[in-house]
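Undergrad: Protein chains in written order, with my numbering: chain A, 326 to 709; chain B, 129 to 473.
I should point out that these hints are in silico values taken from the structure, not numbers from a laboratory. Here a beta-carbon is modelled for each residue, glycine too, at the ideal position from N, C-alpha and C. A couple of the hints might just be wrong.
Residues of chain A clear of chain B, computed beta-carbon distances all greater than 10 Å [to be verified]:
no. : residue
1   : Ile390
2   : Glu518
3   : Asp524
As a list, the in silico BS3-like pairs of lysine-lysine whose alpha-carbon atoms are at most 30 Å apart [unchecked claim]:
no. : chain 1 : residue 1 : chain 2 : residue 2
4   : A       : Lys381    : A       : Lys650
5   : A       : Lys709    : A       : Lys484
6   : A       : Lys621    : A       : Lys701
7   : A       : Lys480    : A       : Lys709
8   : A       : Lys610    : A       : Lys709
9   : A       : Lys701    : B       : Lys187
10  : B       : Lys187    : A       : Lys621
11  : A       : Lys626    : B       : Lys465
12  : A       : Lys566    : A       : Lys701
13  : A       : Lys584    : B       : Lys465
14  : A       : Lys508    : A       : Lys480
15  : A       : Lys508    : A       : Lys709
16  : A       : Lys406    : A       : Lys564
17  : B       : Lys187    : A       : Lys580
18  : A       : Lys458    : A       : Lys653
19  : A       : Lys653    : A       : Lys626
20  : A       : Lys626    : A       : Lys508
21  : A       : Lys585    : B       : Lys187
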Amino acid sequence: MLWKNNLTAFMLLVGSAAFTLPAFAQLKIGVITSSSGPSALVGIPQKNTVALLPKKIGDLSVDYISLDDASDPTASVTDFKKLIEEDKVDAVIGPSGSPNAMGVIQFAAESGTPMLAPVGTAAVVLPMNEQRKWVFKTTQNDDLIARALVEYMVKTNVKTVGFIGLNDPFGENWLRVFSALAKEHGIQITDSERYQRADSSVTGQALKLLGANPDAILIAAPGGASVLPETTLYDLGYKGKFYQTHGAALPDFIKLGGKKVEGTILAASLMLVLPEMPDSNPSKKVANDYVDAYQKLYGVKPATFGANVYDADLLLRHAVPIAEKAGKPGTPAFRSALRNALEGTHDLVGTQGVYNMTAADHSGFDDRGRVLITVKDGNWTRVK
Amino acid sequence: MNTQIVLILAQDGITNGAIYALLALSILMVFSITRVLFIPQGEFVVYGALTMAAMQAGKPVRVVWLLAAFTVAAVLCDVWVRYRRNGRLRLTLAGSCTLLYPFVLALLLNRLPLAQLPMPTQALLTLAIMVPFGPHMYRLFYQPIAEASVLVLMIVSIALHMALVGLGLFIFGPEGARTTPFIDYPLHVGAINLNSQALLIMLTSVLLIVAMHQLFERTVYGKALRAVAFNRLGARLMGISPVLTGKAAFSVAALIGTLSGIAIAPLTTLYFDSGFLISLKGFVGAIIGGLISYPIAAAGAVAVGLIEAFSAFWASAYKEIIVFTLIIPVLLWRSVKHYPIEEEE
Chain A
326 MLWKNNLTAF MLLVGSAAFT LPAFAQLKIG VITSSSGPSA LVGIPQKNTV ALLPKKIGDL
386 SVDYISLDDA SDPTASVTDF KKLIEEDKVD AVIGPSGSPN AMGVIQFAAE SGTPMLAPVG
446 TAAVVLPMNE QRKWVFKTTQ NDDLIARALV EYMVKTNVKT VGFIGLNDPF GENWLRVFSA
506 LAKEHGIQIT DSERYQRADS SVTGQALKLL GANPDAILIA APGGASVLPE TTLYDLGYKG
566 KFYQTHGAAL PDFIKLGGKK VEGTILAASL MLVLPEMPDS NPSKKVANDY VDAYQKLYGV
626 KPATFGANVY DADLLLRHAV PIAEKAGKPG TPAFRSALRN ALEGTHDLVG TQGVYNMTAA
686 DHSGFDDRGR VLITVKDGNW TRVK
Chain B
129 MNTQIVLILA QDGITNGAIY ALLALSILMV FSITRVLFIP QGEFVVYGAL TMAAMQAGKP
189 VRVVWLLAAF TVAAVLCDVW VRYRRNGRLR LTLAGSCTLL YPFVLALLLN RLPLAQLPMP
249 TQALLTLAIM VPFGPHMYRL FYQPIAEASV LVLMIVSIAL HMALVGLGLF IFGPEGARTT
309 PFIDYPLHVG AINLNSQALL IMLTSVLLIV AMHQLFERTV YGKALRAVAF NRLGARLMGI
369 SPVLTGKAAF SVAALIGTLS GIAIAPLTTL YFDSGFLISL KGFVGAIIGG LISYPIAAAG
429 AVAVGLIEAF SAFWASAYKE IIVFTLIIPV LLWRSVKHYP IEEEE
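Start from the sequences and build out the full structure, keeping to the hints where you can.
TA: Pasting the structure below:
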């Protein structure tokens, strides 16, 4: 009996040792996604991507703590504080939504925790200040995409453009960025309209846009909401060109729009047209690996949003070994060094493009981070 | 702004308004009969539309398993109540038929080539799945607390709404969906394009409203429902079962919600969480009618649709604000007029 008890005690001891030892050198990364609620379309591929991330960086084991904010900015703040105060994470990937990310920046700065936001709006990293220096963004800045669109407009002789965008930070920032670029290139914006994601009809806005009969119409909305204005305008007999932002770069866009979105021009990362990309493009291999791994686990192709989280992890993977020289994970010194290392990222190839961070640019893409894409015969094709 | 634009906006406004009117009438009817503010009304719209879309896309219709769960729970509740009353565990014939229904339906859905079926058949199947949710919901969530205050019933409605939105995400996924139009036949009257689908919606609404009117005026069941709305206790003394009327009201609400969903699905992309805003606008209509008058509620809902369409044209950034601000002067006017809302506690 005594022997048996001893054995049990011994096993307990070994067991607990086995559980506590690796925790010694452990990195904790918090992930906040909107995997339920209105932005679930964006958040679900992001949450799914976490399972693909390798559990080791060098000798460090990595613990990913994934939380859902239900697309609610208030819940994002609660999640963020929980990650910092209770779990003591070294970095945070997320949140998914633009308003959600805007809300947590001050807490990232207060606690000195680097945050890698896979969100659409450039407002999280621009204009750069004391708070935003803790934030890095793994999506193309609006102006990078907008520049590609405007250049193509100039090339195809578009002189007047009507704008319709979502009534949120994404639409707001696009109007600002696009207006500035359009003015620079002598393109006139005839009208700018707003709509809500949940709107069941945008006929009013569409009629107003049609009134000025512009050469092209730019629609700025993330996800499936980008389809409705385009189909409405098509039905009302608009014959000009449609331009979309990288927010529309998902397979659902064609599924929902059908033949009415044929010929739409948009600029986005290479994810949608991977097979068409030349092998010389550095991101092709990384993106292919990611898509294969995702498809193997879930049986479907990932939306671009998931790749943004994957890239955030790639950035961390690169920066952690450098930061480790300055201190142990879990200390403020480590987090601060991690931030510096992220800012020093140079020529890092991700799924979305090539990252070159600087103190002023925390998104770090160049022209390799976007391609012009159009819809042809119900498929995404590169604009030649 | 010329006549053509006015006409297109009016068409758009009346189309949306027709749907809001249907929902307003349904919310009003459920409230007057059961005192429940039926917030999940919008979920029927979304579930109906997304079920139809799933059929057309050839995806498995998973919502039928939710129906099965609801049915099993509802029948078990009945069995338990009878056991408590007379100490015998017994399943009635009606109970077993109810229990069998979702499983037969699931088998049918599994066997039929759903995507190839003609659209009216798809619509009928969608109704066959969605309408039984109405009475089961009443049985499970409202019948046990039928005598509770309006506030308690409303809180239950909100909880149910939240749960259904979450289940909607789980069942249908985060992607929005759109169905193929019933008829795609552009009509040209003068200079305007009349959207045939929009005309179909208006026609459906008018028919449903007339049918509701006939039901309440001409049939014994309809009169029983009206009697309950008029005086709950008196109706009960006359032998009208509150359980039956509650279930009937919820069935009609489910039918109207699902039909609205099927009707608007070809016009707009619906998401799992789109229902709330749609039913909220119907609700504004019902409020304009003081939660009492059917014609004023319907007219109010159509007005909401029209105001929405025109404010989208003039000031798109403030559209929702304009629509929901509308409720303030109405409430003010109502309170000044001091219209007593029936509340028998």
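Undergrad: Work down the list of hints and note, for each, if the structure agrees.
TA: Verification of the supplied hints:
Distance check on Ile390/A: its Cβ is at least 22 Å (rounded) from any Cβ of chain B, clearing the 10 Å threshold; non-interface status holds. Consistency note on Glu518/A: stated as away from chain B, yet its beta-carbon is not over 10 Å from all of that chain's, at 5 Å minimum. Separation of Asp524/A from chain B is inadequate, the least Cβ-Cβ distance of about 8 Å not exceeding the 10 Å criterion. At roughly 17 Å between alpha-carbon atoms, Lys381/A and Lys650/A fall within 30 Å of each other, so this suggested pair holds.
Between Lys709/A and Lys484/A, the direct Cα distance comes to roughly 22 Å. Compliance with the 30 Å bound is thereby established for this hinted pair. Note on Lys621/A and Lys701/A: the hinted pairing holds, with a Cα-Cα distance of about 28 Å set against a maximum of 30 Å. Proximity of Lys480/A to Lys709/A is assessed by CA-CA distance (about 13 Å); at most 30 Å being required, the pair is judged to hold. About 21 Å separates the Cα atoms of Lys610/A and Lys709/A, which keeps this hinted pair within 30 Å; it holds.
Distance hint between Lys701/A and Lys187/B is fulfilled; the C-alpha atoms sit about 26 Å from each other, no more than 30 Å. The straight-line distance between the Cα atoms of Lys187/B and Lys621/A is roughly 21 Å, inside the 30 Å bound, and the hint therefore holds. This hinted pair does not check out: Lys626/A and Lys465/B have alpha carbons roughly 60 Å apart, beyond 30 Å. Between Lys566/A and Lys701/A the alpha-carbon distance is near 14 Å, which keeps this suggested pair within the 30 Å criterion.
Proposed proximity of Lys584/A and Lys465/B is contradicted: the alpha carbons are some 54 Å apart, above 30 Å. Under the criterion of a C-alpha separation no larger than 30 Å, the hint pairing Lys508/A with Lys480/A is consistent with the structure, at around 16 Å. For the hint linking Lys508/A to Lys709/A, the alpha-carbon distance of about 26 Å falls within 30 Å, and the restraint holds. Of the supplied pair hints, the one linking Lys406/A and Lys564/A is violated, its CA atoms being roughly 50 Å apart against a limit of 30 Å.
Note on Lys187/B and Lys580/A: the hinted pairing holds, with a Cα-Cα distance of about 14 Å set against a maximum of 30 Å. Under the criterion of a C-alpha separation no larger than 30 Å, the hint pairing Lys458/A with Lys653/A is consistent with the structure, at around 22 Å. With a C-alpha separation of about 37 Å, the suggested pair Lys653/A and Lys626/A falls outside the 30 Å cut-off, and the hint is violated. Between the alpha carbons of Lys626/A and Lys508/A the distance comes to roughly 39 Å, so the proposed pair goes past 30 Å and is violated.
Between Lys585/A and Lys187/B the CA atoms are separated by roughly 23 Å; this keeps the pair inside 30 Å, and the hint holds.
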